[in-house]
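Put the complex together from the two separate chains, hints included.
For the protein sequence lines, the chains are Z and G, in the order given.
Under this note's numbering, think of the first position of the first sequence as 70, with each following residue one higher.
Under this note's numbering, think of the first position of the second sequence as 53, with each following residue one higher.
Please keep in mind that the hints were generated in silico from the structure rather than gathered at the bench.
Quick caveat, the model's predicted, so the values are computed rather than measured.
Accuracy of the hints is not assured; some may be wrong.
Stated by the list, open to error - Taking beta-carbon pairs under 7 angstroms as the criterion, some of the chain Z residues facing chain G (in silico):
hint : residue
1    : Arg132
2    : Ala377
3    : Ser413
The beta carbon of each residue, even a glycine, is placed where N, CA and C say it ideally should be.
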Amino acid sequence: MSVWPAAASFALVALLLAALYRPLGDYMARFYASDRNLAVERGFYRLIGVDPGSRQSWQSYLRSILAFSAVGLLLVYALQRTQHLLPGSLGLPAVSEGLAFNTAASFVANTNWQSYSPEVTVGYTVQMAGLAVQNFLSAAVGLAVAVALVRAFASRKETTIGNFWTDMTRSVLRLLLPLAFVSALLLLAGGVIQNFNGFTSVSGLAGGTSTIPGGPVASQEAIKLLGTNGGGFFNANSSHPFENPSAWTNLLQVVLMLAIPFSLPRTFGTMIGDRKQGYAILTAMAAIFTVSLATMTALEFAASSGEAGSMEGKEQRFGIAGSTLFGTTSTATSTGAVNSMHDSFSPLGGMMAMLNMMLGEVAPGGVGSGLYGMLVLALVASFIAGLLVGRTPEYLGKKIGPREIKLASLYLLTMPTLVLTGTALSFAVPGIREDVQGISIYNPGLHGFSEVLYAFTSAANNNGSAFAGLTANTPWLNTALGLAMLLGRFLPMIFILALAGSLAAQDHVPVSAGTLPTHRPQAVIMLSGVTVIVTALTFFPVLALGPLAEGLL
Amino acid sequence: MSTARASARQLGAAVRAVIILTLALGLVYPLAVTGIARMTVNSRANGSVVSLDGQPVGSALIGQSFTDAGGAALPEWFQSRPSAAGDGYDGGASSGSNLGPANPDLAAAIGERREAVAELEGVDPGDVPADALTASSSGLDPHISPEYALLQVERVAAARGLDPDDVRALVDSAVESRRGGVLGEPAVNVLQLNIALLELDT
Numbered sequence: 070m071s072v073w074p075a076a077a078s079f080a081l082v083a084l085l086l087a088a089l090y091r092p093l094g095d096y097m098a099r100f101y102a103s104d105r106n107l108a109v110e111r112g113f114y115r116l117i118g119v120d121p122g123s124r125q126s127w128q129s130y131l132r133s134i135l136a137f138s139a140v141g142l143l144l145v146y147a148l149q150r151t152q153h154l155l156p157g158s159l160g161l162p163a164v165s166e167g168l169a170f171n172t173a174a175s176f177v178a179n180t181n182w183q184s185y186s187p188e189v190t191v192g193y194t195v196q197m198a199g200l201a202v203q204n205f206l207s208a209a210v211g212l213a214v215a216v217a218l219v220r221a222f223a224s225r226k227e228t229t230i231g232n233f234w235t236d237m238t239r240s241v242l243r244l245l246l247p248l249a250f251v252s253a254l255l256l257l258a259g260g261v262i263q264n265f266n267g268f269t270s271v272s273g274l275a276g277g278t279s280t281i282p283g284g285p286v287a288s289q290e291a292i293k294l295l296g297t298n299g300g301g302f303f304n305a306n307s308s309h310p311f312e313n314p315s316a317w318t319n320l321l322q323v324v325l326m327l328a329i330p331f332s333l334p335r336t337f338g339t340m341i342g343d344r345k346q347g348y349a350i351l352t353a354m355a356a357i358f359t360v361s362l363a364t365m366t367a368l369e370f371a372a373s374s375g376e377a378g379s380m381e382g383k384e385q386r387f388g389i390a391g392s393t394l395f396g397t398t399s400t401a402t403s404t405g406a407v408n409s410m411h412d413s414f415s416p417l418g419g420m421m422a423m424l425n426m427m428l429g430e431v432a433p434g435g436v437g438s439g440l441y442g443m444l445v446l447a448l449v450a451s452f453i454a455g456l457l458v459g460r461t462p463e464y465l466g467k468k469i470g471p472r473e474i475k476l477a478s479l480y481l482l483t484m485p486t487l488v489l490t491g492t493a494l495s496f497a498v499p500g501i502r503e504d505v506q507g508i509s510i511y512n513p514g515l516h517g518f519s520e521v522l523y524a525f526t527s528a529a530n531n532n533g534s535a536f537a538g539l540t541a542n543t544p545w546l547n548t549a550l551g552l553a554m555l556l557g558r559f560l561p562m563i564f565i566l567a568l569a570g571s572l573a574a575q576d577h578v579p580v581s582a583g584t585l586p587t588h589r590p591q592a593v594i595m596l597s598g599v600t601v602i603v604t605a606l607t608f609f610p611v612l613a614l615g616p617l618a619e620g621l622l
Numbered sequence: 053m054s055t056a057r058a059s060a061r062q063l064g065a066a067v068r069a070v071i072i073l074t075l076a077l078g079l080v081y082p083l084a085v086t087g088i089a090r091m092t093v094n095s096r097a098n099g100s101v102v103s104l105d106g107q108p109v110g111s112a113l114i115g116q117s118f119t120d121a122g123g124a125a126l127p128e129w130f131q132s133r134p135s136a137a138g139d140g141y142d143g144g145a146s147s148g149s150n151l152g153p154a155n156p157d158l159a160a161a162i163g164e165r166r167e168a169v170a171e172l173e174g175v176d177p178g179d180v181p182a183d184a185l186t187a188s189s190s191g192l193d194p195h196i197s198p199e200y201a202l203l204q205v206e207r208v209a210a211a212r213g214l215d216p217d218d219v220r221a222l223v224d225s226a227v228e229s230r231r232g233g234v235l236g237e238p239a240v241n242v243l244q245l246n247i248a249l250l251e252l253d254t
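Bound conformation, chain G alone (with noise of 0.2 angstroms):
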């Protein structure tokens, strides 16, 4: 047979495996799984949507801002970190800042930030931990440390009137520790001690 032929044929045979591939691993595996998944967990399937009072007021993975209009700090609430996606948090837009370490813009953001941070919360500005400073990588973390929640406690007590023993208890008890004890880092998610919070202000 000669070589021509035997390409020939060989395209022929990948066309085919090509076309039957796609519509196997590109249609049937990704329906089966979605199709598991609505009879298996749904709700984290469909975003681990959370709701207040029946209201959906999104996903308890995806971070999001407790700012006013103009990207003030709003005192009532437990503030995320800074964010690179979109204009803050913008769910459709996920992204780091990438700057580099030595980028004098990065420097400048910091600075601001912790300037920022301490003036709200009342602190010295050594006193700001490194999540409170930094944009997270996909611009939507949820999180934030347990050290920049505490620092928060007495801010957001005073706004709403509150004891603050009373809603440092309630930092304490949102603390999701290392995974099996050793995996990643300890963490608060805000909008879940947003909503407690909201629920003990009431």
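Okay, chain Z solo, but in the shape it has when bound (with noise of 0.2 angstroms):
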């Protein structure tokens, strides 16, 4: 089949993203670390009542996170509720309290879970103005806490950690709207849409009636994979042919998904003024990924001598090479866009996607989340280390103690405990199992236990992607599923800001002959090794249950 056109792409999303890397990565260095102010963020910081030269401790910084997030799920579940009295509702009612609350949940969160089917559910003021806003918003401010931990690494003896409102206005102003910009116009000249006409029905050729979807896409998708957020404008997502029409656009997007998270690295290696430390972050989510790729695009061909030929949920313009591309990328970032339905995928074809998730997203992870979530496992890597030859426990600099190390294993808990216990408690309640085998689960035997097993999985890692057949639009999924999201998301940054505040405060210790070097080809090994092991070690159990029993039995 085709192996050599599929390695050749891959090897060409590789090239495009090591040309961006140092620009890209340079670029975000130098203007988070920047005194000045453009002329329109000086206007706005004067609107909304913030001083950009004022620094934040980490609790003030976290404080104004989530009254930032708190605002925007209130205008999201609002914009929902009042949606048939608001202008472009297409004549749409109003979302009901538990879905609404979902997706109001899910889009703050980065997640971009949809318990809902766009076409039938929400309007064009609902996604331009509720669903689009927050994929910059919430991209903006896991960007922020990454560098709010990148800086603390950076600081000696500093009591705040950054102003988030300067942090989150530039991530937006400097990095997301233009690179969305460019990018909507990028997919525009692909053939995605980009109008306000409602569903126009033809006679097809044939004779029957051809309905012609219409909306502002282009926009909203550019950003949906900039910021890694993944809702898409319809319910097919990046395999409807109006949101991706060729092999090209499938390319632009997988690019657009990586560019950030692969360049971060980049930008951390440059703030902390030791590049070599970048490239090892780097070397570990690449290789966590080439892995992944290459094992879920070989399950898939595998799996194309049976009888559907591995084309169920696929599209031909994409074929398998392009659908396995997409679908990597998307779970190893935290998108969960599709271009293809996980769902029909193989067994083992399928749990490589829930994977992805389950390494808690750090290969290369979303935008900002990815980098902290690989630096926290940075941190826990130099600690085994570093106890391992009897010496104390140093990452660039700083002293692992107690106190760190408990704020990363929190940090490392967080996820497994909500995937875990989300999934259980839908088996081991009898009146929510009643609700979960009777309405939600689509699939018999085991692959329903995997989607209720991947629901959670998405919820909890903030990723998005579905095994769609699930009925998630009940209220004990709308429920769970929105504060696995919730939790997810914003119990891992109070962790990961209370470390950049300790962090922040210590001194450096001086390099001695007792450091353990954290850039060379051992400490990549053991980074990976404990990103996987840590993984594999929590979830082999209930992916036994799952994806591996159906596969291999």
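Laid out in structure tokens, this is it:
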């Protein structure tokens, strides 16, 4: 089959990302560290009443994030609940309470899980002013937290970690908005639609009716991918020909998802003044990503000898390799967009999508969240390495004491706790189980269990993709997944900012003969190993109940 | 300053920031993109609509059915893939089937389609390509594989009384190869192929 074109297309993605790494990474490092504000930014700070020159303690930085996200949550909820009164509703009614909560939580938490089918649920105003705006803002929040942590590594005896308002504003105005604008134009050139036509019915060539949907898609599609959000304008997401019309746009979409997450290690290296550390993080991310992509692709090619030829739930213009490239990219970042239906993947191919998320989405992860997730793992890897050889554990000149390791552990335990608790409750509580098995699960047998496990994995990791046969618009799943998304987003952020506060307050330990280097191949292998082993130990039992059993029996 | 007062100030800043950013990112940005789209790629931005004799017959990007009201294939047209969007190719309800790999319903559907396509085209059931047996991810896939298009040549030519070689040449010229030689899979746009077929026939 088409193995060589597949390999060549993957190499093309790698080349494009390599070309972006230095300019994009250095650009971010420069504007996050800058003291200068653009005129439009100064006007904005004056309007919202903050002093861009001030710096915040980690607690104050956190309060800003929580206030900003809470207001965003309320606005998205309110827009949905009042949709029928707004212009551009396409005649759709108000979204119900449970679904509106789930969707608001989903977009504010950078998840974009969709319990709803967009074509029949949300009009243009909710999509543009609610959902697409949060695609920008939730991504900017993720970037701000990552930058605060990086700054803390570079600081000495500081009580502050930066200013949330400037970090967020610059993320939007100097990075996401210009990139989204250019990307939207490229998508338009590729055939993505941008109009306010509603649904147009025409008489098709053979006489039947053909419905042509409309909408401001290109502007939303661009930030959906750049911000690793993933919520489709249409139900079929990036497999819809109006969202992703060709193999060209497919390549562009993959690069947009990976561009910022894979360039942030450069930003990190530049900001701490040691670019080798950035390359070490990048290498670990790229190694895990490459192995995962090759594995999923091999599994789907292997399954193509079966009855369905691996083409159920896949588009002809993308083929198998275009689908696994997108699927791996989407689940290894926190995007969750799909250009093929993961529910119809082979059991082990679908498991790879789950595994990518279960790794904590660190290879390369979401915008910002991937970097701070990987830095926590680097801290843990250095801690273990230090203990193994009997040295004081340090990372980047910061001592890893009890407080740091407690916060890192809390960070790492949050996601698995949410995934496993949510999945277990879905089957353990009799009333809920009836609901889940009777209404929500679509496919019979082990695959049905995988649908629920996938849903909680996706929600707690803020991914948003699904084994989409699952009917998630039920009171239990709307509530449980909504909470998993919010807790999976904001609890880890609390631990990261607390960690940043504690690291910033420390002085730098001078490098000595006893310092373990953290940029050499050994350290990269250690970091990759810790990432994989922590995940494997946590999730092997539950995977054995679902996709492993289905794929191997 | 007390924590409560600090929090109140943060909340005020958050409310104002969200309102201003909603206007900028939720209104100005998409309208600016729409304006540029109108001026530059108006036809594509409005859905790449294809017209025949001045009448729109669909979008080049949205697949459609070439069946009778009962869903039976019309022999004089090239057929699209199976579709799980609504009752089939419903542009208001894009969706895949989401049938799992081991779901008996999927095996049954594939078996039925294999029989039906083999009978319609007069070929061995083992020769039916995968895309003819499976529903796409969007349910609106505008393409089929070159293999599936070639499989339909004899039947279409017979139904229209055309020379099969002419129809085969039409398919060959309709094949879109891998983009840049490596991206995606070769594909044939069914609506555009059928329009070309109509032109050949008249």
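Structure-based check of all given hints:
Checking Arg132/Z against chain G: minimum C-beta separation of about 5 angstroms stays under 7 angstroms; hint holds. The criterion of a C-beta within 7 angstroms of any C-beta in chain G is met by Ala377/Z, whose closest approach is roughly 5 angstroms, and the hint holds. Contact between Ser413/Z and chain G, as hinted, is supported at the beta carbon level, the nearest pair being about 6 angstroms apart and thus within 7 angstroms.
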